[in-house]
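Number of protein chains: 2
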Amino acid sequence: MSEALKPGATIGILGGGQLGRMLSVAASRLGFVTHIYEPGANPPAGQVADVVTTAAYDDKAALLAFAGAVDVITYEFENIPTEALDILEAHCPIRPGREALRVSQDRMTEKAFLQGLGLTTAPYADITDQASLDAALAEIGAPSILKTRRFGYDGKGQARIKSVEDAPGALADMAGAPSILEGFINFTHEVSVIAARGTSGEIACFDPGENVHRDGILHTTTVPARLSGSQRMDAVLLAGKILNALDYVGVMGVELFVTPQGLVVNEIAPRVHNSGHWTQNGCAIDQFEQHIRAVVGWALGDGQRHTDVVMENLIGADMDRVPELSREKDCAIHLYGKAEAKPGRKMGHVNRIIRGEG
Amino acid sequence: MSEALKPGATIGILGGGQLGRMLSVAASRLGFVTHIYEPGANPPAGQVADVVTTAAYDDKAALLAFAGAVDVITYEFENIPTEALDILEAHCPIRPGREALRVSQDRMTEKAFLQGLGLTTAPYADITDQASLDAALAEIGAPSILKTRRFGYDGKGQARIKSVEDAPGALADMAGAPSILEGFINFTHEVSVIAARGTSGEIACFDPGENVHRDGILHTTTVPARLSGSQRMDAVLLAGKILNALDYVGVMGVELFVTPQGLVVNEIAPRVHNSGHWTQNGCAIDQFEQHIRAVVGWALGDGQRHTDVVMENLIGADMDRVPELSREKDCAIHLYGKAEAKPGRKMGHVNRIIRGEG
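So the protein sequences, as listed, match chains A and B.
Per the working numbering, the very first residue in the first sequence carries number 1; after that it's consecutive.
Per the working numbering, the very first residue in the second sequence carries number 1; after that it's consecutive.
Worth flagging that the hints you see were computed from the coordinates, not collected in a lab.
The beta-carbon is built from N, C-alpha and C at its ideal position, and this holds for glycine as well.
A few of these clues could be false.
Residues from chain B shown here face chain A by an in silico Cβ test under 10 Å; the list is partial [what the hints assert, rightly or not]: (1) Ser28; (2) Phe32; (3) Gly46; (4) Ala299; (5) His306; (6) Met319; (7) Arg327; (8) Glu328; (9) Ala332; (10) Ile333; (11) His334; (12) Leu335; (13) Tyr336; (14) Lys338; (15) Asn351.
Derived CB-CB ranges, DEER-like [to be verified]: (16) Arg321/A to Glu83/B: 38 to 46 Å; (17) Asp58/A to Gly68/B: 36 to 44 Å; (18) Gly68/B to Arg321/A: 26 to 34 Å; (19) Asp302/B to Gly316/A: 24 to 32 Å; (20) Lys6/A to Ala138/B: 54 to 62 Å; (21) Arg98/A to Ala341/B: 34 to 42 Å; (22) Thr82/B to Ala90/A: 50 to 58 Å; (23) Gly316/A to Pro323/B: 42 to 50 Å; (24) Pro323/B to Gly169/A: 51 to 59 Å; (25) Asn79/B to Arg321/A: 34 to 42 Å; (26) Ala245/B to Glu340/A: 42 to 50 Å.
Please take these sequences and the hints and turn them into a complete structure.
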């Protein structure tokens, strides 16, 4: 696929959660048909997609049928099994490409990649056992944080080490999974850059958003973020460096810690990102459409925002607040169609438009 | 249904065209599931809805099954056969209600209703044959326009009468259908008000948009429209009068001619309206979501716009311009997923965001 896809073409999306759902809606807005591949029954994205395949990632026949039915494949999460990707890629282009997945699926690989680009990350060390953890703590010190190298999200697979006495418990929390110790960064706040790169190499960044977490889950993103002009420029330049190094096609979320010494890259996600949901009500072309535009080979939106926005996630019982939120002025509600509001489950978000004083 | 519907409830939509498609997307954004009822195969709305029933409006079994499967019924067009509505309404609430359909399905009824409210319309007369047309022309004069009383849209079922010699040809164009002669209004421009009324009677209007037509089809809507403060107020007040008189629930499009003598009501449409598409990129809550909010009994958005917008329809071969439009700054593309770009067919629209000079 070197030519741009035309409206009417089919976009395959791996994963049927809220990100797949919002990608699907954005694709339909550009006249594309969507096909969701998701192991779980009744996925949120299925309600708004044209076709849904319910099958496991090791179902070779289903993967082949899916790859044969779509014109390009993209995904809503980075932990797709390598074997599934091998089968799919033999028949259909996958965007963003495999290198982005390889790098971001493993925190060790990701950190090495980022440092290789000359970017600043937290100090880190590979942890396989108590001995390697002890050695790493002697070097990196506490407070620090132990994380599984793979499959972590929303604070899962993480254990804080406030002092060396916490080390054995933290290691036990990893349940034998290969892990990484990351040094604590003394940051004033966290921002993220939602950056996109198209098939012809052009790059467009949305304005950085400032993130606040609660219980390890993103709570709010506020745009504009508190950043100086030079920090803003640094954020864009480093995001561009990452995208170019990966020959990336699509939208990426880049989380950054803001410190007096400069920006520190926390992590990257090779997909649309929760901290970019504000773009739905702040930009002519949001992160979901931007991602679709990139993977189908269209021109990108320029990312300029037309209004300031505060995004707030609705987690679990926050769903009870929907009637009240619906009565709030300038508050755009986005719900994901999930049946059960479990604690810690992302059920939706709101984008509050912040009007100028004028 | 006196209580507000909760996310997860199912909204039935009669009609699977682009309006049904965009209503469906708006409903999903609020966590509702959608079910489209449409006689034609592969409707545009079907690609983004959860369930599609493909059946005729005289298929009683299909209508009953549909009414039994949804929690509220709404529609994207006003010409639904009365018999179908009777069957549906016995099992499920229809919003907006029957009175709005009765009034707007027939241009004679609509004109009488509007004049009964004390609103200004074009002079008009019921036309059944050449004699009644001659008598009406003697009264109303030329130029004037002959229209079928029912089933007209996008300039179809209309014939201009520039002078009395055009009368026989115009009458022949009506092919025996009951018709209405409307006097010509000397207007400077046309605007429309997209107004909404909720289940508790609250009313919210979007800013009036200024419409330009080409070949009888809406070409552009520009917001804000050229209107004085008092004209703006008149537009809102008369829209409110119409909605209240009908005990209306949902969004209505009210087309107005602007004349030196004041606003003249051209026509009303008991549904979301092409001239309200700009709200998708100009407001926190667009006309589609506003309509869904009304029919499910939620609070309405206040209709305030956050940016100026020019909406342009993409008709037929305009689809060839999509690559060029995709490279345009601040231009949001909305395509309808229609397979064939026939002349005169609405294929999509763009909303161009107009930024202030500041």
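Structure-based check of each hint:
1. Ser28: holds (5 Å)
2. Phe32: OK, holds: Phe32/B within 10 Å of chain A, min 8 Å.
3. Gly46: holds (8 Å)
4. Ala299: Ala299/B check passes; min Cβ-Cβ to chain A is 4 Å, inside 10 Å.
5. His306: holds (5 Å)
6. Met319: holds (7 Å)
7. Arg327: Holds, because the Cβ-Cβ distance from Arg327/B to chain A comes to roughly 4 Å (cut-off 10 Å).
8. Glu328: With a minimum Cβ separation of about 9 Å from chain A (threshold 10 Å), the hint on Glu328/B holds.
9. Ala332: holds (5 Å)
10. Ile333: Check passed: Cβ of Ile333/B comes within 6 Å of chain A, closer than 10 Å.
11. His334: holds (6 Å)
12. Leu335: holds (3 Å)
13. Tyr336: holds (7 Å)
14. Lys338: Where the cut-off is 10 Å and the nearest Cβ of chain A is about 8 Å from Lys338/B, the hint holds.
15. Asn351: holds (8 Å)
16. Arg321/A to Glu83/B: 38 to 46 Å: holds (43 Å)
17. Asp58/A to Gly68/B: 36 to 44 Å: About 39 Å separates the Cβ atoms of Asp58/A and Gly68/B, which means 36 to 44 Å holds.
18. Gly68/B to Arg321/A: 26 to 34 Å: At 32 Å between Cβs, range holds.
19. Asp302/B to Gly316/A: 24 to 32 Å: Since the Cβ atoms of Asp302/B and Gly316/A sit about 29 Å apart, the hinted range of 24 to 32 Å holds.
20. Lys6/A to Ala138/B: 54 to 62 Å: holds (55 Å)
21. Arg98/A to Ala341/B: 34 to 42 Å: holds (36 Å)
22. Thr82/B to Ala90/A: 50 to 58 Å: Distance hint for Thr82/B, Ala90/A holds at roughly 56 Å.
23. Gly316/A to Pro323/B: 42 to 50 Å: With Cβ atoms ~44 Å apart, the hint holds.
24. Pro323/B to Gly169/A: 51 to 59 Å: holds (58 Å)
25. Asn79/B to Arg321/A: 34 to 42 Å: Once the Cβ atoms are compared, 40 Å apart, the range 34 to 42 Å for Arg321/A and Asn79/B holds.
26. Ala245/B to Glu340/A: 42 to 50 Å: 43 Å Cβ-Cβ, so the 42 to 50 Å window holds.
In terms of the numbered hints stated before, the structure departs from none.
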